[in-house]
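Assemble chain B onto chain A, guided by the hints.
Top line first, the protein sequences correspond to chains A and B.
Everything in the first sequence is counted per my numbering, starting at 1 for the first residue and increasing by one.
Everything in the second sequence is counted per my numbering, starting at 1 for the first residue and increasing by one.
Certain hints may be false.
Claimed, not checked - Reference listing, derived: stretches of chain A covered by chain B, where coverage requires no fewer than 3 residues with Cβ under 8 Å from a Cβ of chain B:
(1) 17 to 31
(2) 216 to 227
(3) 281 to 287
Since the hints were derived computationally from the structure, they do not count as laboratory data.
The structure displayed is predicted, hence computed values, not measured ones.
All C-beta atoms in this analysis are idealised placements derived from N, C-alpha and C, irrespective of residue type, glycine included.
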Amino acid sequence: MLIGIYGASDGLENTPNSPAGCLLPPPAPLVSDLLIQQRASRLGIPIVAVHRAVLTQQLDFRRSPALLHPGNLKAQKIIAADMQRRAACFWATPCGRGCSIRANYQSTTVHLPPALATGNLHILTDAMVREVRLHENGLAQGVTFIDKTNGSVHSVAARVVVLAASACETVRILLNSKNARFPQGLANSSGNVGRYLMDTVGSSLSGQIPLLESLPPQNEDGAGGEHVYAPWWLYREQHAGKLDFARGYHIEMGGGKQMPGVGTMNGAEWLTGGSYGKKFKEDARRYYGSFVGFAGRGEMIPNEQSYCEIDPSVTDKWGIPVLRFHWQWSQHETRQAAHMQKTFAAIIEAMGGRVKDGPTLDGAKAISPGGYIIHEVGGAIMGGSKESSVTNQWCQTWDVKNLFLTDGAVFASNADKNPTLTIMALAWRSADRILDLMRRREL
Amino acid sequence: MDRRRTLKWMLAASAMPLLARRAPAEGIPAALTDGAAALTAAAPAAPQGYGTDPDLTRIHHPGDLWPLTLTPAQRRTAAGLCDVIIPADAHSPSASSVGVVDFLDEWVSAPYPNQREDRALILEGLLWMDAEASRRFAKQFAELDQSAQHAICDDICYEKSARPQFAAAAKFFARYRDLTAGGFYTSPEGRKDLGYMGNVPLLKFSGPPAEVLRKVGLNPPSS
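Bound conformation, chain B alone:
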């Protein structure tokens, strides 16, 4: 996502905190306004640079290198959306169960330029998900049943066909799905799900098995 598109989305989303601040009077759960407060509190300060690489000879845990961002309420929404995108199935567990929310929290908290752009997109987007869930179903997104969650996601899951009022949310969803997939498929469970078999020492590299070559319509190499 380039800067120009992010700015456009941020402008489109800029009305939402106002909506959220008015929300309690209209019966929207207080947790939503907590989210808005957290968002304001977590707004990026003026960039101060981020120094040199961390000491890579130490083991770092989330939060060691920069403070994490997501509040418990934001984490619930984040986990709910992760698991709508990558639920458990016969092959592998759900995204949240392999730590993708921790990954996302660390990602949006990082000081690097690309992550800072994602931060704005993701935090505003999570806020929108709960606001939309409240508007349609008077609950937060993570508390909805699957059909209600899908009713919202179906409107925003494909940028190309999303209706204009969902254009900004669809951009958020596309990026959120990319990051969820990135976190999930780099976990051991995610790699296994894809059938990745590499990164193990071999004595010999033999190339593709004859079965694979036949499927593609190639003859095994003569040499």
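Only chain A is shown next, with the shape it has when bound in the complex:
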């Protein structure tokens, strides 16, 4: 409702229905999506509309503002005006390079303009935070930062300090903020800052589908990303003990005549037999758009061997100590990656397709390296006690009551869903809590 997400309510166990008025209509599936859907359904794999933050129609600027900011007329007015300045997708230009019409959600283009319009936001760029300073009364009193344009050191004072520097950087700031009260790093009386770092389990496989060869030209850019996906579906099998791993994954997929890139027709010898010349050009026309790609994104269970700490000997160009990382997948993750490979190969086979080098059935080889999916979360986890976690359920650190962490660092687990929307939901909840505590003069 706030950012605009397309999708559908399919009543699946993994993906509960959204309240009415939340989801925008999903874009029409591509022909490759429909073929995947037809063939995957024979394997019992559900292919449904994915949830993605792109406006397929304008946001409901008449109804939503009052629901988003009840009782706050100024906020309602600002957000309603901003919603009218975001256009619906025009089905062109790559989302990943930024969206000039603001159809694609980015925090920078969607949240900052209305926040600036309140007059209550001041943005300092090129400010590299080195540490959070602690007052002798035990409260955070602000941060010290380096102006990256000239290397000078500055401080800002604050009633409440909120770190949202991305999980690892937030951890780094905390560990670098040492003082007499917290010699192991700020808010780290539990010793848990840096621990239980997680990424997403990732593995991918692509196939070539003869049925999709030489199709008539058509515009398949679509919404610039996925239209459909497969949410985790094997609850029953897992419960019956038929799988050799815990937790689940979803499948992302893509195909179609996407904008040719520098890799188009690369490594195609296995199909072309090494053609060149006019035959190569004919082969390119034949095979372009006939590939489908599958990427699994699965849950990682936090473990004691995956953590980060301050490197004792390396600093960045500003002289600030950097992190070093330790990583180990458990068998739950590697077996899950092997299961992904088998599943993708089965779908491709069911489509009458072929895989260049076959699936990678050794899970340790099939899994992407830790950090590769860039869903790093954890490191300052939320929990029920100050001994076992770093923050409470409001992202408020147990040790310093006016210090909040509103990025992925507080994740105590990393479900297969991509983390951004959960981070935003937690941050929103935390912001409401901060306001509440400030009104009650508890902060």
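Just chain B now, kept in the frame of chain A:
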């Protein structure tokens, strides 16, 4: 291409500059030795890093961000090979005519790790093409007629079936074809050749036409 395979190919190719340096006495055109000299001169210096991203608000031309590499003789060979791989046909012009040689020159001159690996492969490979053309036909590759060019390319166009003495050249050819295709199919002419119709604003995205669905054996969606 991974580093291990590139190193192997470079070792296999390392005898070639020696061959080229001896070449004039054996009647091989002098341009070939120019190529070898240029290759030596253009050998990568110790890596010094490449700083931060360029200013993307400016329009950059080839050579603005890093010096280009290919000599006129190397460009002739590069263009000749590009156009054997992607010649003009009824659908579209040849690779060299849409600027693929400029693209390749910028690519092999770039300071990034993957491009530096390609640089060694491509420069040695171009040298090999001319040496092989000279050996077989006493001309440079770009000066050969089509049947002579094909006689060489047929031996190296498919890694899987290339004879052992052509294994390294086949690896070069595979990468050169990939880069030529990458340069060509990202040009407006190349996109059009493939039938790419996207990147234009639409009021509505309707999904696949019924004709396409029928070809694949699918019924149009009911909704």
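A quick look at each hint next to the structure:
1. 17 to 31: Held - the segment 17 to 31 of chain A has 5 residues with a Cβ nearer than 8 Å to chain B, which meets the minimum of three.
2. 216 to 227: n = 8 at 8 Å, threshold three: holds.
3. 281 to 287: holds (count 3)
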